[in-house]
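In case it helps, mature numbering (1 follows the signal peptide of the UniProt record, and there is no 0) puts the sequence shown at residues -26 to -1, 1 to 173.
Any given hint could be a false lead.
To be verified - Okay, the calculated beta carbon distance ranges per label pair:
1) Ala124 / Thr78: 36 to 44 Å
2) Gly152 / Arg81: 34 to 42 Å
3) Gly80 / Asn23: 40 to 48 Å
4) Ser8 / Ala94: 32 to 40 Å
5) Ala30 / Ser140: 20 to 28 Å
6) Gly57 / Thr27: 28 to 36 Å
7) Gly66 / Ala124: 23 to 31 Å
8) Gly80 / Gly152: 34 to 42 Å
I should point out that these hints are in silico values taken from the structure, not numbers from a laboratory. Don't be surprised by glycine CBs; every beta carbon is placed ideally from N, CA and C.
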Amino acid sequence: MMVTRVLVAVAAVAGLFAAGSGAALAAPAAAAVSRFDDGSFEYPTAPANAFTTVTAGQPIGPWKVTSGAVDLIGAGFWQAAEGDQSVDLNAGQAGAVAQTFSTTAGRTYTVTYALAANPAGGPAVKSGRALVDGQNFQDFTFDSTGKTFAAMGYVQRQFTFVAGGSTTTLAFASTVSGPYGPVIDDVRVETCRPCSCAK
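Using the sequences and the hints given, assemble the complete structure.
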C-alpha cells in the first residue's frame, strides 16, 4: 500500500503514541548525514548468533535510538532480509530508531523497507509506525504465526513523501509492548523520478 503526503515543514517533532503503547518518538540530536545510509543496520557489528541491546540516546551507525530500547541482531541469530543484521524494535520495551539525512525541498522520495517480527513470543501480531519528521506516514503490522528464526517471512512495505526542507528524519517505532517486536531491515530511500513511482 502506497501513501503519499506533502510535508509543510521540516521539524523533528516529538510524537506520543496511543495510550498503552509505551513508546514516544523523540527528536534525534544527531546531525544530518549527507545521504541516507546503512538501511540494513550492518554497523556496528553485533555479536554473531546474538544481539546487542541499544537504549534511547545511543547510536546504531547513522541511526539513533530515540525512545525505549531496541535489539541490534547479529549475523546468524535469525534470517536477515539483506546483509547479516536487522533490528528488533522491542528490547524489553517498545523502542524507536531514526536517521536524519540531507534532502532537497520539494523533491519526492520513496521509502521501502523489509518487515518481519520476532517469532519467539509476545502477541502474534506485532505493530509499529513509520514516521517522517515526526508525522506518521504508515502504520504496519506483521503476523509472526508460523514464522521461525530460519524463515522470518519478510514482506516489503513502501511509501512516498515530499521533503519539506534540506534535511529529513525517517523513523521506525514499535507500538506493541513487551520484549518481542516488529523487525526492520533493508531500509532504502530513493529519489522518485517523474513517472517512475506508483501513485
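Verification of the supplied hints:
The supplied range of 36 to 44 Å is met by Ala124 and Thr78, whose beta-carbon atoms lie about 41 Å from each other. Separation of Gly152 from Arg81 is about 39 Å and conforms to the stated range, judged on CB atoms against 34 to 42 Å. Taken as a hint, the range 40 to 48 Å holds for the pair Gly80 and Asn23, whose Cβ atoms sit roughly 46 Å apart. Between Ser8 and Ala94 the CB atoms are about 37 Å apart, so this pair conforms to the stated range of 32 to 40 Å.
Distance hint for Ala30 and Ser140: a CB-CB separation of about 26 Å, consistent with the stated range 20 to 28 Å. For the pair Gly57 and Thr27, the beta carbons lie near 20 Å from each other, so the given range of 28 to 36 Å is not met. The hinted range of 23 to 31 Å is satisfied by Gly66 and Ala124, whose Cβ atoms lie roughly 24 Å apart. Between Gly80 and Gly152 the CB atoms are about 41 Å apart, so this pair conforms to the stated range of 34 to 42 Å.
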